[in-house]
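Undergrad: So the sequence lines, in the order shown, correspond to chains A and B. The first sequence: position 126 = 126 (my numbering), numbered continuously. The second sequence: position 463 = 463 (my numbering), numbered continuously.
Calculated from the structure, these hints are not laboratory results. Treat the hints with caution; some may be incorrect.
Same chains, same label: a pair holds when it works inside one copy or across any pair of copies.
[Claimed, not checked] For lysine to aspartate or glutamate, the following EDC-like pairs were computed, each having C-alpha atoms within a straight-line distance of at most 16 Å:
#: 1; residue 1: K458; residue 2: E300
#: 2; residue 1: K42; residue 2: E546
#: 3; residue 1: K42; residue 2: D627
#: 4; residue 1: K237; residue 2: E225
#: 5; residue 1: K35; residue 2: D554
#: 6; residue 1: K270; residue 2: D446
#: 7; residue 1: K331; residue 2: E43
#: 8; residue 1: K597; residue 2: D359
#: 9; residue 1: K62; residue 2: D75
2 protein chains.
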Amino acid sequence: MDVKEIDVRSLSSSNRHTLPYVHKVGVPPKQNPWKEFSATLKETFFADDPLRSFKDQSRSRKFVLGMQAVFPILDWGRNYNLAKFKGDLIAGLTIASLCIPQDIGYSKLANLAPQYGLYSSFVPPLVYAFMGSSRDIAIGPVAVVSLLLGTLLQNEIDPTKNAVEYRRLAFTATFFAGITQAILGILRMGFLIDFLSHAAVVGFMGGAAITIALQQLKGFLGIKEFTKKTDITSVMKSVWGSAHHGWNWQTIVIGATFLAFLLFAKYIGKKNKKLFWVPAIAPLISVILSTFFVYITHAEKRGVQIVKHIEKGINPSSVNQIYFTGDYLLKGLRIGIVAGMIALTEAVAIGRTFASMKDYQLDGNKEMVALGAMNVVGSMTSCYVATGSFSRSAVNYMAGCQTAVSNIIMSFVVFLTLMFITPLFEYTPNAILSSIIISAVIGLIDYEAAILIWKTDKFDFVACMGAFFGVVFASVEIGLLIAVSISFAKLLLQVTRPRTAILGKIPRTNVYRNILQYPEATKVPGVLIVRVDSAIYFSNSNYIRERILRWLTDEEEQLKRAGLPKIQFLIVEMSPVTDIDTSGIHALEELYRGLQKRSVELVLANPGPVVMDKLLASGFTSLIGEDKIFLTVADAVLTCSPKFAEEV
Amino acid sequence: MDVKEIDVRSLSSSNRHTLPYVHKVGVPPKQNPWKEFSATLKETFFADDPLRSFKDQSRSRKFVLGMQAVFPILDWGRNYNLAKFKGDLIAGLTIASLCIPQDIGYSKLANLAPQYGLYSSFVPPLVYAFMGSSRDIAIGPVAVVSLLLGTLLQNEIDPTKNAVEYRRLAFTATFFAGITQAILGILRMGFLIDFLSHAAVVGFMGGAAITIALQQLKGFLGIKEFTKKTDITSVMKSVWGSAHHGWNWQTIVIGATFLAFLLFAKYIGKKNKKLFWVPAIAPLISVILSTFFVYITHAEKRGVQIVKHIEKGINPSSVNQIYFTGDYLLKGLRIGIVAGMIALTEAVAIGRTFASMKDYQLDGNKEMVALGAMNVVGSMTSCYVATGSFSRSAVNYMAGCQTAVSNIIMSFVVFLTLMFITPLFEYTPNAILSSIIISAVIGLIDYEAAILIWKTDKFDFVACMGAFFGVVFASVEIGLLIAVSISFAKLLLQVTRPRTAILGKIPRTNVYRNILQYPEATKVPGVLIVRVDSAIYFSNSNYIRERILRWLTDEEEQLKRAGLPKIQFLIVEMSPVTDIDTSGIHALEELYRGLQKRSVELVLANPGPVVMDKLLASGFTSLIGEDKIFLTVADAVLTCSPKFAEEV
């Protein structure tokens with residue numbers, strides 16, 4: 001490697017007394033622009049170096065590795081044994097008992113008939129088991145995505161008047177949700193979902209949970225005419241407007257009883273982690289008990305609404321129902337992209353959480369391909385968007401699942417249900433489903449996380465609350481839009497108004513630090529040291545130049561009032577300046593000229609490799625003089641104010 | 001000020017030999033969240049502290065200062081004298097002679113009759129002279145904004161078929177352009193125009209110049225039927241399609257002769273800066289000569305197209321022509337916002353350039369209010385969007401303008417022209433106007449800047465070329481969209497895939513630097529030092545965690561192969577980490593847990609005040625242990641590997 005170096009300065013006599021050695025600022029070896037560009041591309045899209053294991057392998061081995069990459073089951077399946085199966089069996093049965101009543105309820109959120117929820121718990125988990133790499137995720141319909149899909153779809157088509165078209169659009173959206181997910185994974189654009197910040201997700205989920213719970217008041221109170229809007233104002237109007245004649249006390253009694261039972265079961269599960277199965281099977285027990293009760297008492301004749309009918313049999317094909325042409329194609333595409341991204345965010349968050357708890361690696365991009373493939377297959381077998389469920393994945397983990405086989409078990413149980421048991425759900429009261437959903441979504445309101453966010457970062461809290469109130473008072477889409485906008489605004493604010501700091505010398509060291517953080521740090525007489533805390537880009541270059549000049553003006557005013565000597569050197573500490581662009585170099589040039597007019601010398605300390613490279617290429621180093629660039633602030637001070645440095 | 005400090009570590013015996021003193025990491029005093037929030041707001045919107053001079057002043061003084069802030073002429077007008085007037089008079093006459101032919105040509109780019117260009121050089125410069133604070137800018141219609149406005153407007157209304165409605169929409173767009181500019185200034189959102197990067201502007205301007213020059217082929221070659229599209233393919237088709245029967249050789253001879261004259265005049269002006277007035281008056285001379293020539297030879301009867309008619313008299317009122325209701329209101333608003341932002345970018349860039357050359361301060365936000373007010377008044381007096389012109393401002397500066405009075409002189413000359421001389425332009429050939437525009441826009445193609453951008457920053461160059469080719473091959477809007485998108489993508493890339501570096505110790509110092517920049521730096525045995533070069537936010541937190549772990553894996557593989565001892569400590573140098581959010585802290589927690597499983601200890605060096613504050617608030621410091629946080633990497637190494645530190 002050929003390393004150029006520029007001579008910073010010849011060793012002057014003054015430093016004999018203090019530092020033994022002044023080092024030069026290094027310039028990294030010049031790279032081919034194409035190489036540089038491809039390195040950036042690689043770091044952006046292939047940060048995890050996914051082809052590493054393929055290196056130096058034979059062809060047949062490469063094929064096997066490739067198959068294992070697409071179907072991880074071929075890899076872990078070889079070490080599968082009875083002990084693991086025991087864990088998966090118990091976990092699979094537990095999540096099946098939890099998912100069946102949830103599925104029936106969630107499909108209502110998506111304005112679909114109850115069997116579509118069950119369909120979505122049969123095919124997608126099977127596909128995922130073969131292609132996914134998370135061991136703990138439980139696949140199926142989830143509350144938030146169901147609500148989002150339902151809201152977006154009913155903006156386009158009325159689900160009661162045009163049920164068939166509505167369903168076709170739902171499958172179309174599911175298809176494109178899957179395509180979106182798979183493409184993001186294949187193009188390795190998985191990092192895009194990172195743009196929804198943790199805080200925004202907490203707020204969005206909390207808001208969606210409250211919205212979903214409010215929607216359940218329809219079933220819970222037995223109201224027949226209910227608003228189609230999801231904002232809290234419309235819902236509360238609907239609820240109070242029907243208070244006198246629309247509520248059904250029998251329904252309320254059934255719903256409240258079982259809600260109390262479910263919440264109590266949840267409480268038990270929380271108190272004693274070993275009893276995790278109590279809240280897991282409580283929903284199924286509620287369904288069985290309440291169905292039996294309604295069947296005996298014929299409460300449905302007294303206004304208690306029941307499920308009535310669930311189609312028997314497994315998923316019919318829906319390939320020819322997807323809109324591949326016409327107006328609805330674009331609408332389905334748009335809805336699919338939004339629903340697919342949200343579903344992805346949830347699934348990847350779950351996958352990462354459990355992977356880090358059990359300490360295994362999860363390739364986000366590969367995971368997206370698996371989720372995408374599962375939804376594409378789902379859209380052709382009458383399923384709507386499925387993803388990983390927070391609550392069921394947690395139960396799956398606690399029940400001791402070992403591999404994705406637990407999803408296969410669950411899928412098998414759902415299969416048996418669809419084939420044989422659906423007629424038994426006829427008398428299940430809707431109020432029970434509402435109670436089950438309410439008790440399930442309560443867990444999504446993570447107020448502890450919100451408090452921690454408030455304590456840690458006020459701006460994050462604003463994003464969190466913006467998303468929350470957006471969902472609750474407007475709609476899921478508005479909430480989502482607010483969350484994304486605030487997240488972006490935050491990123492842009494950082495590159496628009498970066499921090500700057502005045503540095504001082506920490507006593508008895510050679511270290512220069514922010515004088516606001518270290519009040520004991522002392523300023524160097526005649527020298528102003530400013531640190532710029534960001535890359536200098538077009539978006540902030542003017543601000544940085546003006547801010548530095550303002551620091552100087554303020555300092556000079558203070559010195560003048562105190563009758564102290566003027567500033568002669570301005571040292572810009574560049575350590576945090578990770579990059580600079582042409583606008584940034586312009587700003588530095590203007591700063592240099594502005595300082596010249598005030599007879600202040602500009603000195604730079606510790607520019608990084610990229611910055612040094614660009615300063616050289618643009619000729620800025622020769623403008624200010626190469627001897628004005630130092631390795632450390634201490635070295636720079638040594639030259640600017642040798643007396644002060646000697647006093648140490 | 002009450003400063004909390006945490007005990008980093010008790011002084012161990014090992015450091016007796018090396019560093020005399022290990023300092024503690026400072027925690028800034030806890031601030032009231034509201035104060036913190038308002039400080040951020042202030043730094044974002046009032047970075048320049050505009051009310052500073054109002055402090056501690058009497059009421060009447062505050063009123064005077066307020067009036068002077070809105071009308072700077074009240075301030076500088078008091079020191080105006082004859083010497084200054086002499087400079088302004090000459091400069092004003094010079095730019096007037098330049099602007100009159102340009103205005104007539106530019107109004108064609110906007111698909112408006114020639115007098116509208118002159119109108120826009122009469123009222124707006126007057127308003128600006130009273131409200132603006134730049135001393136050198138020359139106000140009036142400019143080529144790029146005229147083209148942009150013309151393109152956007154004709155997408156909505158056909159200018160030949162519905163001339164009246166087209167004009168009304170033009171005034172509406174001008175009105176909203178002014179409103180946009182004023183609002184951006186009043187709300188102090190001026191920093192938004194910084195989001196168009198220098199590189200993107202260079203590319204956009206160059207592309208627009210070529211597009212404008214291509215459009216002039218119509219007048220230059222005397223073609224009657226010409227495409228309405230602006231992309232190079234359509235234009236060249238139009239040009240070659242009419243080569244056999246549509247070109248007029250008389251027109252070409254006149255145009256080419258005077259273009260050669262204009263370019264020669266430009267060359268003289270460039271060679272000898274004192275002769276700057278030669279290119280400045282050359283256009284007017286061309287107009288006079290060619291008009292006289294056509295008048296005598298009656299060339300208009302041989303197919304040489306002439307201006308024919310310019311309305312006599314000053315600007316009529318157009319208040320009641322602006323659409324304040326209906327469909328066109330929204331269209332005018334949209335076009336006005338785009339044209340207003342571009343006009344602003346140009347004006348502010350000019351203002352800044354000349355202010356830094358003459359070393360006076362320019363308040364960008366105040367400037368925007370002035371430009372906005374000028375366009376609002378303009379829209380009510382039959383003007384279209386005016387802004388600062390690059391070429392005329394340069395002439396103004398070189399002709400020795402002193403204040404905005406030169407704009408008043410120019411405005412007065414335009415007034416006289418409108419009142420008395422317009423009939424004389426009847427026989428002016430269009431080819432001359434085309435030649436004048438071509439020679440004017442050539443200066444916008446800044447290929448030297450493009451070469452410098454290529455040398456300095458490859459990514460900037462991509463943005464530059466994207467904007468350039470977008471304008472040339474598609475349209476001005478597409479070019480603009482490409483420029484903005486690439487600029488944003490660049491900012492987001494920085495916060496998505498920040499750089500990380502492995503640090504080593506520079507021999508004979510206590511300084512740790514990037515081993516790629518300083519190949520002589522040596523790694524510390526058993527310790528891996530990683531520097532993260534960005535704030536840790538939701539958009540990059542997962543990447544940073546994975547990247548650090550990958551550095552560790554790579555390093556451990558290397559050590560294993562070499563049979564060297566394992567890594568025991570991972571030091572994360574946090575100096576460039578200017579901020580962290582809740583997602584970032586999560587990522588650090590996961591990193592800590594991941595390292596624990598590999599029995600590697602996590603150590604932090606030099607977290608900044610904001611980061612330290614959040615690490616404490618979130619409880620992360622107590623998780624990893626407060627004794628694992630050091631002021632410098634050197635201090636951290638001292639504890640992790642005392643032997644190595646002693647060897648120095």
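Undergrad: Next, verify each hint and record whether it holds.
TA: So, going through the hints one by one against the coordinates:
In the homo-oligomer, the alpha carbons of K458 and E300 never lie at most 16 Å apart, since the shortest distance is 51 Å inside one protomer and 72 Å across protomers. Proximity of K42 and E546 under a CA criterion of 16 Å is satisfied inter-copy only: 15 Å between copies versus 36 Å inside one chain copy. Neither within a single protomer nor between protomers do K42 and D627 lie at most 16 Å apart by alpha-carbon distance, with minima of 36 Å and 37 Å respectively. Taking the shortest Cα distances, K237 and E225 sit within 16 Å of each other inside one copy (12 Å), while across copies they are farther apart (64 Å).
When the C-alpha separation of K35 and D554 is checked against a cutoff of 16 Å, the pair qualifies neither within a copy, at 45 Å, nor between copies, at 21 Å. For a Cα distance limit of 16 Å, the shortest separation of K270 from D446 inside one copy, 15 Å, qualifies, whereas the shortest one across copies, 69 Å, does not. In this assembly of identical chains, K331 and E43 lie within 16 Å of each other by CA distance neither inside one copy nor across copies; the values are 35 Å within and 43 Å between. Proximity of K597 to D359 under the C-alpha cut-off of 16 Å is restricted to the inter-copy arrangement: shortest distance 8 Å between copies versus 60 Å within a copy.
For the identical chains of this complex, K62 and D75 are intra-copy neighbours only, at 14 Å inside a copy versus 78 Å across copies, given an alpha-carbon limit of 16 Å.
Violated hints, listed in ascending order, are 1, 3, 5, 7; each of the other numbered hints is respected by the structure.
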